[in-house]
Amino acid sequence: MGEPVWGPVHQDIVGLLADHPADVPAVVDHLTKLQDMLVRLPPLERSCPLADFNELYLTITTSVLNGLYDDRFADPVFLARLDVEFAARYFDALRYWTESSPVTPRAWVCLFRRMRGPDARPLPSAAAGVNAHINYDLPFALVTTFDSLESEPVDGSEQHHDYLEINQIFAERIPELRRGYLDNWQIMIDMLNGDIDDWYQGELVEYTRNVAWRNAQKIWRCRHDPEARECERERLDDNAAALGRLLLSPLGALLQ
Amino acid sequence: MASDVDAAPLVGRAGQVATLRSALLDDVGPGQTAAVFLTGESGVGKTRLLREVGDQLRAADALVLTGACLDIGDASPLHPLLQALRRFDADLTASHPRTSSAVRGLLQMFAEETGGPDGAGALLERVSRGLHLVAQGRPLVLVLDDLQWVDRSTRQLLLYLLAGLGDLQLSVLGAVRAESLQGAHPLRRVLTELRRLRSVRVLDLAPLDRADTERLAAEIVGGPLGVEAAESVWQRSGGNPFVVEELARDLRDGRDGLSDTVREVFLARVDALPEPAHAVVHAVAAGVEPVAHWLLAEVTRLPEQELIDAVRAAVAHRLLVGDDDGYRLRHRLVAEVLAHELLPAERSALHRRYAEALTSAPAELHQARLAHHWRLAGEPARALPAAVAAAEEAERLHGYAEAHRHWSVALQLAGVQPTGASAATTGASPADGGLDIDRADLLRHAAEAAHHCGEHARALALLEELVTTTADGGAPACALHIRRARYLAAAGRSAPAEAEYRRALAAADCTSRERATAAAHLAELLLHLGRYADAGDRAREALALAAEVDGSVPEVVMASMALGFSEAYLEDPDTGLAVMREALDTAERAGRPEDVACAYLHLAELLTGPLNILEEGVVVARRGAERVAELGLGRTYETRLLAIATNGLFRVGQWAEAEKVVAAALRHRPSGADAVELLLARCRLWVGYGDIEAADRDLEAVATVLAGGGARHVIPLLTLRAGLAMWQGRHDLARQAVQRGLTESRSDDVGILAALVWHGLRAEAEAYASRTVPVDQTAVRRLREVAERVARKSEHAVRSVRDVVDGFLALCDAELSRLDGSDPVLWARSVAEWDRRHHPYPAAYSRLRQAEALLARRSRTATAGKLLRQAYEVAQGLGAVPLSTEIRTLAGRARVQLEEHGASVEGRSPAGAESASDELAVLTAREREVLAAVAEGLTNREIGQRLFISERTIGVHVSHIFDKLQVRTRVQASAIFLRNRSE
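Chain order of the listed sequences is A and B.
Residues in the first sequence are numbered from 112 upward in steps of one, following my numbering.
Residues in the second sequence are numbered from 8 upward in steps of one, following my numbering.
The shape of chain B in the complex, shown without the other chains (with noise of 0.2 Å):
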């Protein structure tokens, strides 16, 4: 049913459109995604400049997806996207009596979702291949209104696909109500990240300007405005485009100057409603919108024909509106007006009837409905079995923010004593009284949904419930320790969680198992409190215990962990790594698994982290990824191994192997921490290859991602920044991002920190040496203090931590020193200190600056140019596009000869390897496979598939290889490479 609402003229709205059109689609590559975020206070126009842009990009062929969310709290996970799909699915079953077999089958993934730990991420996964199936090859729009009231899972699937993960070309279209975003809001701070990015906007809807106010009311009043009325309009209206509408009509009309506000307005036409239209108005008040019409029927109790007249009535005064798939108030606004029109008792009066008419009919949302309406009507009896249901349904989709909330709800509800009246309806419909609610199942289930949602606090104040509650039924006290354990060591508070493993292991009901756990888990947390000694005791405790129980599998590995940890920091690496080693044999023996995948990355850890022993490291987690992956845990486990495949190869130099290595993990679209910290790794090969473009791309990725939470992440993010921007010779971008991270690291950080300080000092040093900004004496002071601090601190971690520490101190030191003419000796002392690590890429840096220094002080000449050999022959084995070009210029100016004769790069690449004759040996060893291919006539994308990398990088390489052979076609470079081949 089509209201003169949707008539109203769209003024003063043209740039808007244009922008929104053009950020949501024009300027949107292939495969990329951009957002926009509309607020504005109520009645300033959002919902209609959304209908108004999403009509538009359906009329440029963009596929057009709209929901909206729904303000009865967090309701249900992912509640606006399954709203869009079942109404895109109605309006193709309605215009083209055809049904699309991708939304359909898309639906029913969701329906056929089982919950499930590690679920969360797989439903992600499959939500974006679905949507991809729906796309069909068009560019997706989602259009969401009423984003102040998103749920959680909403709110991180926008970020993943926002951030790309989908692999899915993807726009974002959403409105938030200015007046939300006061006071905290969860939006507020996502949007304060998000709108840093290129790809999303926050655009503020302003009201009208005078102009545009007088044009609008001209519209609808059909003709223009005497002086007085106009100036009226406007001082009344303050541009907010809804008022100004409802007054023009009443002017129109010759109601005007009946009423002065617009709450006047509406009161004044409830006034005048019919009363069948009286009673509609207030059910769909009451109702949860959209009010479908057989549920008015039944809620309103009139007969057809009166009801489609009551709901005309209504829509002619304009209150409300009417769509396919039900009836909503026209405005907010309206719904505010109406809230204070009803008695109590009416109002109780209506949900009852909600409830009993939803109870016969299921319909979406079905149990959040039931609840909400039965605790409005005042039967918590009735409200709790729904609740229950409504956060079981949540738990399934993996919405546990959701779930805590009708767990809480459910709590409360059993909380109220049963008045009169509800115990007799409960007494007089045994059909609801059959779930049998136990108050301590509801707080169990209450702290377990509070856990999984990071609201540890409540978690923990719901398990004390729990155990006053149970006092007197003597709950099992051991079990009780240990959970209570792991919530507080969830909540990062350690200390109290080590008391409360110790209880559970004195506990008289400790079962040999639950004994095995507590010592495991309490293992691993002094671990992390950095306690060696007695992680181990309290590991070789679990695992004599574990030994004696069948399967605590689980429990050894855990323990094996610890031990190997504990063993390694304690400097006794052989010992650590047989006990981890074993743990993978048992694991592989038992066959659960869960508990090899754990295995494998706890190996694969401790050989790649504390013990450095990177290649063998690097084997155990690609053999660990192929056999994870057999067993079905690709999603989770072989990502995770991946990860650390992939910087495992880069830090030894193996760049080539590590992008296909990163490529592979990244199939599996993964979420949340795994994908930053894949991205991250890919990160760090672009800003080494120097791929500006695809290191902008994913450090935006990752920003997308940190935006919906997690800080751990942001100092790497940061440093990455700072490197990129070096390379761009920004360095005041770089200074920024070293500030940023500064200020928001713990001193405790060592590793990641004296990482960022390198960078700091390295950009001060650049901008000194380029003159592209001045240096920052006040900058460089406090790199000096954070440098020195962090020297101190490591002083007390462990071996591992404190090699790391002291390679990036060397290059502090190195840096600083290029301030006040560079010196060649701490240069030199860097290179050491990398080489030592099998570091190849900061050593040949390291090396160059060496070089530099030498040249600089004109002596040693001949040392300075083996030095560049050097480097530049690590430099272009890796790739390392920036840092040879750095290398070459240097060479240049030196007049060193960079390849001696006879002696050209190694030869790994199977193209141009043994032959690679004077002309091709200005290329890379990666350059000339490239070169290859595109001599066989593959396009960029065919090399990319072909090599493992993305096409834009093939893209990158071409160019290089067009500079260094100075051609500028494809024919004309295949041509030189044949030349040479045949040769």
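So here's chain A without its partners, still in its complex pose (with noise of 0.2 Å):
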């Protein structure tokens, strides 16, 4: 095994990865910390493409804190939780990446392999961390924070109108953070919710912005039996990979 996975930094992150957040403001923090070392990453360094990734999800954690402190949501808990949950996905594929383990989710590989290079547009960079992060880590979220809470993802329940709140705040960030791409950034979100049947069928927006919250409900049904349950795992792993690797290849930066 040649040099570690994340070259210069690799203890820096092995060190933060070790650390699990568990409340939402520990999670920005460490989204901070992981940002100031994913951009002194050789040898892409500041246009690192996870980098890229990060300093989104940064800004929309950062957002979704604040949303929690200005009572933005109605059920704060299921929210804060949600969060946290979301995030530790997140790590999660971190980690196992910096393991090189083959359990990797999919979805993930095809960005990770990409922080050497060749370069990507920042645009579809964040697009391929936003899909896997939304498309695949999403649903499992769902169903761990509803199943801590002893609750069930139940359409219309305040805890949907919290979700699709979320939706919202991709919304009023994303224009902000691209000025310019904003009709891109649009299509990129509508498309990256629905799995890719979806997408080539040009579903309705809402619908599509639905489909984490409808496989989160599928995989509530089955979640029990455990064959059926990675079953479905493997089913959206592989949906979200073969998207994630179209935004990563030429046909991506037309995005941009």
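Think of the hints as simulated: they come from the structure by calculation, not from any bench.
Watch out, some of these pointers could steer you wrong.
Claimed, not checked - Residues from chain A shown here face chain B by an in silico Cβ test under 8 Å; the list is partial: (1) 133; (2) 153; (3) 202; (4) 344.
Claimed, not checked - Simulated DEER-style distance windows between Cβ atoms: (5) B:312 x A:261: 30 to 40 Å; (6) B:958 x A:114: 54 to 64 Å; (7) B:216 x A:153: 24 to 34 Å.
Unchecked claim - Covered stretches of chain B, going by a simulated chain A footprint (3 or more residues, C-beta under 8 Å): (8) 178-188; (9) 192-198; (10) 735-747.
For every residue, glycine included, the Cβ atom is placed at its ideal position computed from N, Cα and C.
Assembling the complex is the task here: the two chains are given apart, and the hints tell you how they should meet.
Below, the structure is given as structure tokens:
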């Protein structure tokens, strides 16, 4: 085994990942520190594709944290736990990658592989991360959150409204981040929220934004059946990975 | 039968073994608990490590019980524990021909358990008592493999025991497959919460590094490997010890290079097996492990000698391992290889033989296994009765989650139209068909089990199906509406629940009793929705209806409670109180224990809650606790009543009394929310006393229980954590706890939110005053915003809530002023607020700060002195050590004489009451009691028993006594005590 996965910042990242943040302020703190490390990662440094995603994710999570402080959500307990669970999956993926583990989700692998170059455009890079995180991680984070709160994913519930509120935050933050790419971003987010079939079929925006929620409901129903659950996981991983590869292909650059 | 599997050396794990040993045994103090969860990928050596550590701990004279979870889908509640006990029993009988009556007794207890409401907590208590007897004073270690398949009941038991609620010195060593934790595994969240605790570690077992890989391979081969071979083993295994071992063995036996992956290694071995061994391996793969010898014989239909030879061959090819209780595949990876090797027809034939064999000879997990095998044999009609029996069996052990699983399977099975073949089978064996299973009945059971285990949406869906199933049969509409309303209310969907109750009341077939039930429940629901006038109307209606029906006391109690609270909220306390008292009389006359208990509970809640008549509330709660104990409901209701009494006593400032009551309540070893409530109440006392260790222990215990679910208690937990951190000068930690709380609390819980905000502002103010950490201006701004929001929201709240909120908001305002020259006027207002409510502790704290503010401005020092003396007297009376210390420090700085001559602390204690002379005057009443006992020559444990407080707390008191009297030994302290007594 040659040099460490994270090059000169390996020890820093390993140290950071050893800690498991348990609340939203701690998640924001973690992402902030990670951002500092990623932009020092050679050879791409500031243009590291993962840093592009991490920056976007940090911005979104900070907005969520502010929303929690500002009483923006109906059920902050749910949303705070969801946020922590959601982030935990990103940190898990990074941890698996650090250990060169074969179980690193394929949805993430395609982005992680690009850290050593060649340079990718920031927009598709961030989008690839968003893809992995929303299409693969989010449904599972939802299921775990509901399970631990002894609640369940019911349409029209307070939690569902809060969940949709996050989409609103994405919509608010994204133009600010990439002013001028708004239209592309809109298309991207709508597209990312679905699996490829839905995208091709041009499903309605409202529907595709809800795909992670629907997938969570699907997993919820089979969550006690390890085999069915694993099957579902594989399906989501494959879909997200396919979309991720597409985004990081030359085609993705067209978006910017 | 030992295979050479066990002979495989353990390489590269010395560090982990030592860590585990000390974490699980050496570092665990008496009465403490600890846990280590090992995670790692398949083949990384978790099971091997478990065995090694288990052996070492056994050698160190711990009692080690080992079990494993099963992958047949939450088959049976508490299975791993039962398995561990049976194994232990078998070991005892085999090794030294004796039996342990304690183990037998515990197993017997499980066999005799009968299902029923509230039984789950009592079962936990009995299990911990049983384990206590089994352990006989030795440290107990539970080693559980394959925790990724753990059932919900076992999960709850582990958290209960680890929280120390079972009063048992216990360590848990569990192994979890890392792959399984991906996705949405229920253990994920539990581990996230647990890994923050000091007593729990999550250890990720990594593959071996290159050097260890070579060492392991060399040990198996029996000599060093060539460069090329070593490289090949390293590349192909990635350091996974299981794979290394297999590759090295092939290398040793000259089979190297034939296969590239471990899958191929095993396929090659399966192919090389003689025919009977082939059959044996496939049979075990289809079975539920461990597969007993007799069962394997029945399934393979091999003659005895042939079977033994076949098993030997399978073991020699390292596909199978044998143990006392049966055979299992050597590794999960083997099962994965074998999974694709059989034709579906072959597999279902195997399952049929299992089912047939098990039918004739009941074994462990009988029904669950029968259901499993018949289902996979493609015989739904025969699987169905077994699934029903398995569900009933799970309900008997209060495992509603597991029961729900079985009921769901039963429904699926019942939905399958019998094929010709299985119909014939059913017809041929009327013995099985004797069980007449009605689909509507299955739906009813499934819905109720789902409701009990919190699967509300599922419960409602099942109920809908029940409606369509029985539509033509004319199901009773009223009962159905009431049931649906119950499920909806449990799911927190109040609006539709209300509509259902209304429909029930309007239903034509509604009996008077049902009408009373619906009206009473509706009243309760409206109360929760804050519609007090409506709730009162409905409650009156329910009372009128109930008056006409015999035996409707539960409805009377519930309706009276709703009426009582609604009147209290509408500010007519006397009417409400009178109704509730009458309900208690009614319940006593009718004599059903649960009704009496409920009535006491509601009355005590009413008094200590909205009415804030604390002293009377405490008396009622304690009287009620005695009464329900007489009635045999000690575990459930006495515990809850005593929790109310404890909290009331804390607020009125009778801490020593509160401590006794909470200790009495915890003797019932409560679980779940009841336990959390009591631990928080006790922790509040420890924080007040400044007993950091005890407070910390209770906070850990609460966090452990809450890791299993339940977000309601998180904010009080975080508030206490912040309070404790402040006494330790850790304002940064206090800030963290408050920030987490702010992001996880609902803005309509104004009462607990107000307390949290006060802690946050106090942390910032004290950080500023003590210069421990810089003030976080963003945090201050946010806290101020939340305080404003709380103030706005509480304007619309009922008076009792507003009252509490106002007290904390007064504290918040005053703390804020500390960041900018503390304002004595604001503190005076806070003093007045808390005095008005008769809560001496926050009032004393506010007096201290008011005095501090006055002294800082060098104005009215006489007033400041008076305030300090008042605060000091209260703090001393409470035993609030950290607060007393702060007051003393300030008084010392300001040269304020705290004790006026002759007017020392009031003498409530028997010892040193009237004649506490100067030397003893520095002691609190409690400390004098302790000192009196020390002078009698009692040990800390004995004193603790006499005074109903923990040994540790006595230790704290003693050290304070030593400090204050400036002595170093008990003899010196006793001498001072006796000298002053004789005067």
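Results for each hint:
no., hint, in the structure
1, 133, "holds (6 Å)"
2, 153, "violated (25 Å)"
3, 202, "violated (11 Å)"
4, 344, "holds (4 Å)"
5, B:312 x A:261: 30 to 40 Å, "violated (55 Å)"
6, B:958 x A:114: 54 to 64 Å, "holds (56 Å)"
7, B:216 x A:153: 24 to 34 Å, "holds (25 Å)"
8, 178-188, "holds (count 3)"
9, 192-198, "holds (count 5)"
10, 735-747, "holds (count 3)"
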